[in-house]
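Chemist: Here are the chains, one letter per residue:
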Amino acid sequence: MISANLSAIFYLISGVLFILALRGLSSPETSRQGNFFGILGMVIAITVTFLSIGNFSSGFVYVLIFLLIGGLIGAFIAYKIPMTAMPELVAGFHSLVGLAAVFVAISAFLNPEAFNLGSPGSIKLGSLIEMSIGAAVGAITFSGSIIAFLKLQGIMSGSPITFKGQHPLNALILISIVVVTYLLCSTQSSNFFWALLAISFLIGFLLIIPIGGADMPVVISMLNSYSGWAAAGIGFTLENTALIITGALVGSSGAILSYIMCKGMNRSFFNVILGGFGATDQSLSSGSKEQKPVKTGNAEDAAFLMKNASSVIIVPGYGMAVAQAQHALREMVDTLKKNDIKVSYAIHPVAGRMPGHMNVLLAEANVPYDEVFELEEINNDFANTDVAFVIGANDVTNPAAKTDSQSPIYGMPVLDVEKCKSVLFVKRGLSPGYAGIDNDLFYKENTLMLFADAKKMTEDITKNL
Amino acid sequence: MEIDPFIFRLSIFILSIFIGYYVVWSVTPSLHTPLMSVTNAISSVIIVGAIIAGLAGDSNGIFNTSSIFGFLAISLAAINIFGGFLVTQRMLAMYKKKKKGK
Chain A
1 MISANLSAIF YLISGVLFIL ALRGLSSPET SRQGNFFGIL GMVIAITVTF LSIGNFSSGF
61 VYVLIFLLIG GLIGAFIAYK IPMTAMPELV AGFHSLVGLA AVFVAISAFL NPEAFNLGSP
121 GSIKLGSLIE MSIGAAVGAI TFSGSIIAFL KLQGIMSGSP ITFKGQHPLN ALILISIVVV
181 TYLLCSTQSS NFFWALLAIS FLIGFLLIIP IGGADMPVVI SMLNSYSGWA AAGIGFTLEN
241 TALIITGALV GSSGAILSYI MCKGMNRSFF NVILGGFGAT DQSLSSGSKE QKPVKTGNAE
301 DAAFLMKNAS SVIIVPGYGM AVAQAQHALR EMVDTLKKND IKVSYAIHPV AGRMPGHMNV
361 LLAEANVPYD EVFELEEINN DFANTDVAFV IGANDVTNPA AKTDSQSPIY GMPVLDVEKC
421 KSVLFVKRGL SPGYAGIDND LFYKENTLML FADAKKMTED ITKNL
Chain B
1 MEIDPFIFRL SIFILSIFIG YYVVWSVTPS LHTPLMSVTN AISSVIIVGA IIAGLAGDSN
61 GIFNTSSIFG FLAISLAAIN IFGGFLVTQR MLAMYKKKKK GK
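Chains as they are written, first to last, in our numbering: chain A, 1 to 465; chain B, 1 to 102.
Isolated chain A, as found in the complex (with noise of 0.2 Å):
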C-alpha cells in the first residue's frame, strides 16, 4: 500500500502524460511517440490504484477479469474495424464513456465510504453535486452518443427528426434536470438519484434526434467534449488529479473541434445544436434551374482531360467514403503521376462525417500526407490548376457560398474549385447535397459531371489513362 500522497503524485504524472499524448498530435512524426505516452500515463494510473488500494483479495481477481473482457474486446474491435467506420467506432466509444461515469457515479452514491465521501444518506454536499454532475453529464453522453452511432450507422434514418414544442420540451427538461439536482442534494433521496439519471438520458436522446447526418462532425466532437466533462465531474468526486486534467483535456479538445467544424459550416453552434437544418430549404431553391444543360461524360473523356493536365486537385468528401473509392482513387493518381502529372488533395474541414475522416482514409489508401492539404493552404492553387476531379463532395465546392446572399451556405469557406480550367465531377446523379441547394458548378461551361459510383468510375479512368 502506498500512501494516498504518493499516489496523487503518480496520477499527476499520468495526467501530464496524457498532456504529451495530445501535444504528439501536432505532426504525424511525433504522433506515435504520443500514442505511446498515453498508453504509459494509463498503466500508470492504473497501476498506481491498484497499490494505492493494496486490497489483492479475491476481488482483485475479478478486478482482473472484467479489465481482460473489456480489453479483449477492444482489441478485437480496435483490429477489425474499417477505417471508414470510424465515426461509428469513435461515436460508439463516446457511449461507453458515458456510460462508465454513470455506473462510477451510481456505485459511489450507493457505497459512499468506499471513496471517502460520508456515508450513504449523508454525502458531503459538494460531492454529490459533483457526483450529480458526473452522472448527468455522463448519461447524456450515453444517449446521445447512441442516437449518433445509429445515425451513423444507418440504421437509423440521417434526416432530422422534429416535432413541434421540441425545444420548450427540451428547455422544460433542463430545467427540471436543475430541480432535481437541488431536490437531491436538499434531501439526499436516492429517489431522485435515479430520476436525475433518467432525465439525463432521455435528453441526450432529444437533444440529438434532430441534428442531420451531415452535421454529424460537430455532433461527435460536441459528444466528445461532454464525455471529458463527464470524466471531470467523475474525478471531482474521487478527488483524482489524473481525472481531472484528463477531463478537462477532453473537454476543450471536443470544444474546440466543435468551433473548428461549426466554422467550416458558417454555422454558429446554436444553430446546428437547435437543429432541423436542410429539411426547409426546398423551397428556396426555384424551379427554374433544373432546366439548365449539363455536360455529361464518361471515364475516356475524364481521362482525356486528365492525361493532357499538367495538375490535378483531388477534392474527396462523404461519398468517396461511402463508395470505399480511395484506394481506386489512389491507383488513378499513381498512374496519374507516372504521367508526371502533379497531384494534391484538398480537404474542406466538414469533408466526410468527422473532423479529420479523409484524411484518415487518404491514410489508409497510403497517400503520403506531404499530399494532402487544407482548405486555407491549397485554395489559392486552384486558378493554377488544370482539372479538379471532385469525388463524393458537393456543398463545399459550391460558388454561392461566395455569390449568393440568398443561399443558406452563404459565407460558408468552400473550395474555390470553378477556378480550375476544367472540373470533373463524380456523382451518383445531379440530386442536391445535403443542404439542400443547388451547385452552380453543375452548370458551368467548364465542367463535366461523370454520372456513377465513384469507385467504380475511377478504376474505369485509370483503366482509360
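Rather than coming from a laboratory, the hints here were simulated on the basis of the structure.
Covered stretches of chain B, as calculated for chain A (at least 3 residues, CB under 8 Å):
#, segment
1, 24-37
2, 49-55
3, 69-81
4, 85-93
We put the beta carbon where it would ideally sit given N, CA and C, even for glycine.
Put chain B on the given structure of chain A with help from the hints.
Modeler: Positioned in the frame of chain A, the structure of chain B alone reads:
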C-alpha cells in the same frame, strides 16, 4: 483560514482547460480523427474510479450492487482504453511521408 482542497482541484481543472486549449489548437487538422480516438482512450482513465468501486465490496462478499456497477464500469472503460489506443496506433501507422525519388 485554510483553503478548501476543492479550490486546489478547481485550479488544476481550470489550468488544464487552458493547457488543453493550446495543445489542441496545435494539433494538425489531418490528425483530428486520431485526436478523437485518443481522447476517448484517455478519458477512460475513469477506470480508476471503477476499480475503487469494484474493490469496495464489504465483508459479506465481493459482489454487492455498488461493486457490480464498478465491475461493469471496469469492462466498459477497458473496451475504450484498449480499443482507443490500439485503433489510434493503427491509424497513426498509416500516416506516411512521400518517399523520395518517387
